[in-house]
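> Chain residues, written in single-letter form:
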Amino acid sequence: MIPRNDPALWKKKRRTARWWRETREGYLFALPWLAGFFLFTLGPMLVSIAMSFSRWDGITPVSQMQWVGTENYQRLFTDDPRFLKALSNTAWYVMWAVPFGTLNALAMALLLNQEVRGQAVFRTLFYLPSVVSGVSTSMMWLWLFNPSFGPINYALAKLGVPPAYLPGWLTDEHWAMSAFIFMSLWGVGNSMLIYLAGLQGVPVHLYEAADLDGATPWVRLRHVTLPMLTPTLLFNLIMGVIGSFQTFTQAFVMTNGGPNDATLFYVLYLYQKAFQQFQMGYASAMAWVLFFIVMALTLALMGSSKRWVYYEGER
Amino acid sequence: MEQRRHGWYLIAALVLIASAILSGCSAGPADHRTEIRFCFFGGYEEWKLWQRMAREFENENPDLRMKLLYWPGLNYEDKVKLVMAAGTAPDIISAQDEPFPNYCRLNQFEDLTPYLARHPDEYHPDLYFPTSLETFRYQGQQMAVPWNGGQMMVYYNRKLFREAGLPDPPPMDWTIADFTEYAKRLTHDRDGDGRTDQFGFEISAVWMSSLIPWVWTFGADILDPEMRHCTINTPEARAAMQWLRDLRYQHHVAPQASEFTGAAGAIFMTGNLGMEINGPWRLPFMRETEEDWDVWHMPIGPGGERWTRGTWDGLAMYRRSRRKEEAWRFIRFATGRRGQRLVAEAGRAVPPRISEAHSDAFIRPDTPQHEERFLEGMKYFRTQRIHLRWAEMNTILTREYEALLLPDGDPARAATNIETEINALLSPPR
Amino acid sequence: MTLPTPHNSPPARVHPGSRVRPVKVLTYLALGTLGALFLMPFLWALSASFKTNAEIYDFPPRLLPNPFHPENYRIAVSVLPFAQFAVNSLVITVACVIGQLLSGSLVAYSFARLRWPGREFWFVVLLGTMMLPPQVTMVSTFVGWTQLRAVTGVEWVDTFKPLILPSFLGGSAMLIFLMRQFFKTLPPELEDAARIDGCGTWLTFWKVMLPLSRPVLATVAVLSFIAHWHDFLGPLIYLSSVDKYTLQIGLRMFQDINGTRMNLLMAASMIVLAPVLVLFFSAQRYLVRGIVLSGIKG
Numbered sequence: 001m002i003p004r005n006d007p008a009l010w011k012k013k014r015r016t017a018r019w020w021r022e023t024r025e026g027y028l029f030a031l032p033w034l035a036g037f038f039l040f041t042l043g044p045m046l047v048s049i050a051m052s053f054s055r056w057d058g059i060t061p062v063s064q065m066q067w068v069g070t071e072n073y074q075r076l077f078t079d080d081p082r083f084l085k086a087l088s089n090t091a092w093y094v095m096w097a098v099p100f101g102t103l104n105a106l107a108m109a110l111l112l113n114q115e116v117r118g119q120a121v122f123r124t125l126f127y128l129p130s131v132v133s134g135v136s137t138s139m140m141w142l143w144l145f146n147p148s149f150g151p152i153n154y155a156l157a158k159l160g161v162p163p164a165y166l167p168g169w170l171t172d173e174h175w176a177m178s179a180f181i182f183m184s185l186w187g188v189g190n191s192m193l194i195y196l197a198g199l200q201g202v203p204v205h206l207y208e209a210a211d212l213d214g215a216t217p218w219v220r221l222r223h224v225t226l227p228m229l230t231p232t233l234l235f236n237l238i239m240g241v242i243g244s245f246q247t248f249t250q251a252f253v254m255t256n257g258g259p260n261d262a263t264l265f266y267v268l269y270l271y272q273k274a275f276q277q278f279q280m281g282y283a284s285a286m287a288w289v290l291f292f293i294v295m296a297l298t299l300a301l302m303g304s305s306k307r308w309v310y311y312e313g314e315r
Numbered sequence: 001m002e003q004r005r006h007g008w009y010l011i012a013a014l015v016l017i018a019s020a021i022l023s024g025c026s027a028g029p030a031d032h033r034t035e036i037r038f039c040f041f042g043g044y045e046e047w048k049l050w051q052r053m054a055r056e057f058e059n060e061n062p063d064l065r066m067k068l069l070y071w072p073g074l075n076y077e078d079k080v081k082l083v084m085a086a087g088t089a090p091d092i093i094s095a096q097d098e099p100f101p102n103y104c105r106l107n108q109f110e111d112l113t114p115y116l117a118r119h120p121d122e123y124h125p126d127l128y129f130p131t132s133l134e135t136f137r138y139q140g141q142q143m144a145v146p147w148n149g150g151q152m153m154v155y156y157n158r159k160l161f162r163e164a165g166l167p168d169p170p171p172m173d174w175t176i177a178d179f180t181e182y183a184k185r186l187t188h189d190r191d192g193d194g195r196t197d198q199f200g201f202e203i204s205a206v207w208m209s210s211l212i213p214w215v216w217t218f219g220a221d222i223l224d225p226e227m228r229h230c231t232i233n234t235p236e237a238r239a240a241m242q243w244l245r246d247l248r249y250q251h252h253v254a255p256q257a258s259e260f261t262g263a264a265g266a267i268f269m270t271g272n273l274g275m276e277i278n279g280p281w282r283l284p285f286m287r288e289t290e291e292d293w294d295v296w297h298m299p300i301g302p303g304g305e306r307w308t309r310g311t312w313d314g315l316a317m318y319r320r321s322r323r324k325e326e327a328w329r330f331i332r333f334a335t336g337r338r339g340q341r342l343v344a345e346a347g348r349a350v351p352p353r354i355s356e357a358h359s360d361a362f363i364r365p366d367t368p369q370h371e372e373r374f375l376e377g378m379k380y381f382r383t384q385r386i387h388l389r390w391a392e393m394n395t396i397l398t399r400e401y402e403a404l405l406l407p408d409g410d411p412a413r414a415a416t417n418i419e420t421e422i423n424a425l426l427s428p429p430r
Numbered sequence: 001m002t003l004p005t006p007h008n009s010p011p012a013r014v015h016p017g018s019r020v021r022p023v024k025v026l027t028y029l030a031l032g033t034l035g036a037l038f039l040m041p042f043l044w045a046l047s048a049s050f051k052t053n054a055e056i057y058d059f060p061p062r063l064l065p066n067p068f069h070p071e072n073y074r075i076a077v078s079v080l081p082f083a084q085f086a087v088n089s090l091v092i093t094v095a096c097v098i099g100q101l102l103s104g105s106l107v108a109y110s111f112a113r114l115r116w117p118g119r120e121f122w123f124v125v126l127l128g129t130m131m132l133p134p135q136v137t138m139v140s141t142f143v144g145w146t147q148l149r150a151v152t153g154v155e156w157v158d159t160f161k162p163l164i165l166p167s168f169l170g171g172s173a174m175l176i177f178l179m180r181q182f183f184k185t186l187p188p189e190l191e192d193a194a195r196i197d198g199c200g201t202w203l204t205f206w207k208v209m210l211p212l213s214r215p216v217l218a219t220v221a222v223l224s225f226i227a228h229w230h231d232f233l234g235p236l237i238y239l240s241s242v243d244k245y246t247l248q249i250g251l252r253m254f255q256d257i258n259g260t261r262m263n264l265l266m267a268a269s270m271i272v273l274a275p276v277l278v279l280f281f282s283a284q285r286y287l288v289r290g291i292v293l294s295g296i297k298g
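Residue numbers (the working numbering), protein chains in the order written: chain B, 1 to 315; chain X, 1 to 430; chain R, 1 to 298.
One chain only, chain B, in its complex shape:
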C-alpha cells in the first residue's frame, strides 16, 4: 500500500516513467531555490573563491585582482597569531554556547508547552529578549553587564559577593567571553520557538499508548517526547554551529574585539580585514577556511544523525 516509501523500488536504476515524473516534480518544487542559487548566490561564492587566491582591495575593478596562489592560506596559519586567536576564541564560544543554548532552549520549550494559565503571556515574555532590535539589545547588555551600574553585579553584591570578586564582565579579559556565552543563553528565543513547534508534531496517540503502559513523566519525556524531537534537535544543533561560528554583530557593537582581543570573534576579524584594511582576498581565504570547518562539523552531525534522529515520516 505504501509503494512510494519502498526503498527497493527507489534503488532500481531503471528509469521508468515514474522515475522521470518524480525527478521532474522534485526539481520543479525545488526550482525557486535553485533559480535563486544560480542567479544570486553561486556567482558571488565563485568570486570569493577566486579572491581567496588573490590580493584585492575590495574597491577597484575585479580585473585588477592580483593572483597570489595559496599565499593567503599560508599566511593564515603561519604568519598571523591574531587569526589563531580569533579561531580559538570562536571555537571556545561555540563549544559552550551551542550545547548549553540547546539545553536551555529545550528546557524552556518543555516548560512553556505545559498547559498553564497565561501561557501566551509567558511565551511572549520568554521570547522578548529575541525580538528587541539588535542595536537596542547591545545597549541593554552593556548596561546589564556594567560592572558598577549593572543589575547583574548589583544583584551579586546583594547576594554577598565581596566587591573585589565581582566580575568585570565585558571589561575583563578573563570574563568577556563568558559574558558573550551568557548572552547567547538569554537569546535562545528562536530555538525555543522551534522546539515548541516541534513539540506540536508529537502525535498524541504515542502519549496515550505510554499512559496505558503506566509510564512516568520522565519515561514519557525520554521515550516519546525526545525521540520525536530529534529532527528539531538536529536542526537546532546545526544552526547553532553555523550561527555561533559567525557571531559578529554583538561583538562589533559591544566590544569590537576587546579587551586585549579576548572577544575577537572569527567573523569580526574577517570583517576588519575585508572592510577596514582593504584585504578582501585575505578575508575570503578566512571565509573559506571557516566554510570548511563548519561544513565538516555539519556533515559529521548529519552523518551521526542516522543513529539518533528519528523521522516519523521515514518509518
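Calculated directly from the structure, the hints in this document are not laboratory data. Some hints could be false.
In silico SDA-like links for lysine to any residue, alpha-carbon gap of 25 Å or less [to be verified]: (1) R:Lys24 to B:Thr216; (2) R:Lys184 to B:Ala300; (3) B:Lys85 to X:Ala403; (4) B:Lys158 to B:Ser178; (5) R:Lys184 to B:Thr23; (6) R:Lys184 to B:Leu299; (7) X:Lys48 to R:Phe232; (8) R:Lys24 to R:Ala36; (9) R:Lys24 to B:Leu221; (10) R:Lys24 to B:Leu125; (11) X:Lys159 to R:Asn66; (12) B:Lys306 to R:Val124.
Place chains X and R on chain B using the hints.
Frame of chain B; chains X and R shown alone:
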C-alpha cells in the same frame, strides 16, 4: 481538479501583488533639475544640518537638486566601499581622515586643486585652520575640502570643582602633575561604604582620545615623520603609559574597568566625574544635561609641550562622477562662508574656516560655557598622520592600550609589542 | 482508512488528580522566576525610554523614571520621517514573509518528501550557502545587483527589489531547512491516503502537507517576520535614499560613534518592537493545539 486551479490562482495573484509592490517603488517624480548625489554619516544632528544646507543651496541654485544619502550607524565606510566597487558612488562623498589616503591611492577621488585654484581668495590657506587643508592632501594635491572637525579638550564639572575648592577654570599653564593633583582632589567615597563613587578622571576608551594625545603630551610620537618606523618605544611614551596606569591603579582617581563602563562619557553625565577628555561633538550631549560644566585646555606635559589630537572631515568628489561642475558648486557652498556658518550653528564641530569658527554661531555667547576654548586650543591642535595601513596600526594600538590598562598591564610590554607589530607592517614587502 | 485519533490533549493534562498539584506549583515557580529574568532587560529598556540620557546611568539603578519624560517618544518619531520608515519596513517585511512561506515550503517539501536524483547533494549545497560569512560575498552580490540595470533596463539598487525578490526564491536557507525537518516528521499515511484518492503531488502538498504544518508555518512566519523587520544590513546595502529607509536604519540614527542618545534609541525601539510582540502573541496560539489531524478527510 477545481482545487488544483485554486492553488495556482493564489500563487499567480500573490506574484502579481508582489510585482506591483516591486515596480511601485521605482517610480520617481518628474523633475528637470540636475540631481547631485551626496553621501554622509553621523547622528541625526548631521542629518538636520545637511537637510538645511541642501535647502539653502537649492534656493540659490534653482537648476540643481540635492539628493541626500544619509548612511547612519557604524557601517558608513562599508557602504562607501560597496558603491565604489560597483562604480556608482555618489558625486560627493563626506570623507573621514583615516580611510582617506586609501581612497586616494585607489583612485576614487577627483583632484580638487584646479577647482580651488579658480577661487584663490576663497580658499587662501590663511582662511583655514592649518591642519584642516593638510589632512586632505595626498601626494601634494588637495583631494578634499574640510567641512568640520575638532579636537579633544578637557570637559570639567564646575560643581565638583567648587566642592573640592579647586580654581574654576584651572590655571592656563597647568601641567600633567597639576592634572593628577586635581583628579586626586576630585575623587571621593561620598557615602563612606569603602567604594569610590566620584572619580577625578575617566580614562577614555573613545577612539581618538585613547593613547595618542598623551603620548604626544609626554613628548613622544607613534611614527617618525617619514612614517618609516614606529617610535613609541621611548622613555617618554612609556612614561605616558605609566601615568595612565597610575591614574587608575596607584592613585585610583580614574575608575578601573570593573568600576565603570557606561557608554562613552556616560559617567560625566551622571555628575560623578570631575574631568573627561572629549571633542566638540560631545557638546550637544552635554548641553542636554543639567550638570554645570565647562571646557578647558589640555594640561602641559613634563617636557613643557602641550598637544591634543584633532581630526577633520572633508568633502571629496567621486572621480567617476558625471556632474563634476555641479558637484563642485555644492562643495563650494558647503565649505564657503554661508555653509560654514550652518556648520557652526549645528554646534557639534568646529568649522575649519576660521571666520565662521569665530562667529557667535559657534561661540554662543548666550551659554554659560566657553566654546571658544576649542578655538584657542587650535594652537596645540595636532593630527595623526595617516599611513596607508593605519587601520591595522589602529587595531594594534587599541588592543595594546586595552591590555595596558588591565590590572596586569605593563608599559614596557605594550611599547615593545606596538613597536614590533607596527614595524612589521611598515617593512616591505607587504 | 484509519487515522490517528484527532483528539489531542497536551501532555500535562494526562495525569489528573492530586499528583499534578506539586508539579503545577513548581511549573509556575519556574515560569515566574525565569519570566522575571527575561523581563528585566526589557523593563530596563522601557524605563530608559522615559528617562533623560544621564538618568539612565544612575546608581543604584532605578526602575521607575522620576520624573517621566514621555516627550522622548515624540522627539524620537519627529526628528526622522518615522512613519515613512514604518510603512517601508512593513511593505518589505510582509512581502518577504509571504514569499518565504510560499516558496520556502515548496522547496522544503521537495527536499523532505520528493525523490529526485541529486537531492542530497543540493541539500548540502543549501546548508553550505549559510556557512560562508556574507562579508566576503557582499561586494560581488551588490555589484551584481547594480549591473542588473544594464541587463534589464530598470534600476534594482535603491529599490525594495533586492530585499524582497530572494524571499520568493526560497528565501532563507535556514527556514527551508526548518520546514524540511518538520515535513520529514509527518506520518506518511496521510499523503498516501491522499494519493490513493487521486491527488497529484501538488494537491497533496497543498491540501495535506500545508494544513498539517500550521505550527511550523506559524513559526516560520514569526521567524521570517522578525528577521526582516530587524534586518539592518540588507537595507543598508541596497537602499540609499532616506525616503526608502526602514525602521532599523532609522534606529541607527540615534547611535553615533561619538555618543548614543540612549533614551531616544530606546523610545524608538519600543515603537519598533510593538508590532512584533502583537504578531508573536497572536501567532503562538498555533503552537498549542498540535497537528490538526482533523483537517484531512480520508
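> Given the hint that Lys85 (chain B) pairs with Ala403 (chain X), does the C-alpha gap stay at or below 25 Å?
This hinted pair holds, its Cα atoms lying about 15 Å apart.
> Straight-line Cα separation of Lys24 (chain R) and Ala36 (chain R) no greater than 25 Å?
Holds: Lys24 (chain R) and Ala36 (chain R) sit about 18 Å apart, inside 25 Å.
> Between Lys184 (chain R) and Thr23 (chain B), does the CA-CA distance stay at or below 25 Å?
holds, 19 Å
> Can you confirm whether the C-alpha distance between Lys159 (chain X) and Asn66 (chain R) stays at or below 25 Å?
holds, 22 Å
> Just to be careful, I want the Cα atoms of Lys48 (chain X) and Phe232 (chain R) compared with a cutoff of 25 Å; is the pair within it?
Holds - the C-alpha atoms of Phe232 (chain R) and Lys48 (chain X) are around 22 Å apart, at most 25 Å.
> Under the criterion that the straight-line Cα-Cα distance not exceed 25 Å, is the pair Lys184 (chain R), Ala300 (chain B) satisfied?
Within the cut-off at roughly 20 Å; holds.
> Holds or violated: Lys184 (chain R) with Leu299 (chain B), Cα cutoff 25 Å?
Holds, at roughly 18 Å.
> Decide if the proposed pair is consistent with the structure: Lys306 (chain B) and Val124 (chain R), CA atoms, cutoff 25 Å inclusive.
holds, 16 Å
> Between the alpha carbons of Lys24 (chain R) and Leu221 (chain B), is the straight-line distance 25 Å or under?
holds, 17 Å
> Within 25 Å, alpha carbon to alpha carbon, are Lys24 (chain R) and Thr216 (chain B)?
holds, 16 Å
> Taking only the CA atoms, is the gap from Lys158 (chain B) to Ser178 (chain B) under or equal to 25 Å?
Cα-Cα ~21 Å, so holds.
> Does the structure keep Lys24 (chain R) and Leu125 (chain B) at a Cα separation of 25 Å or less?
holds, 19 Å
Of the numbered hints given earlier, the model fails none.
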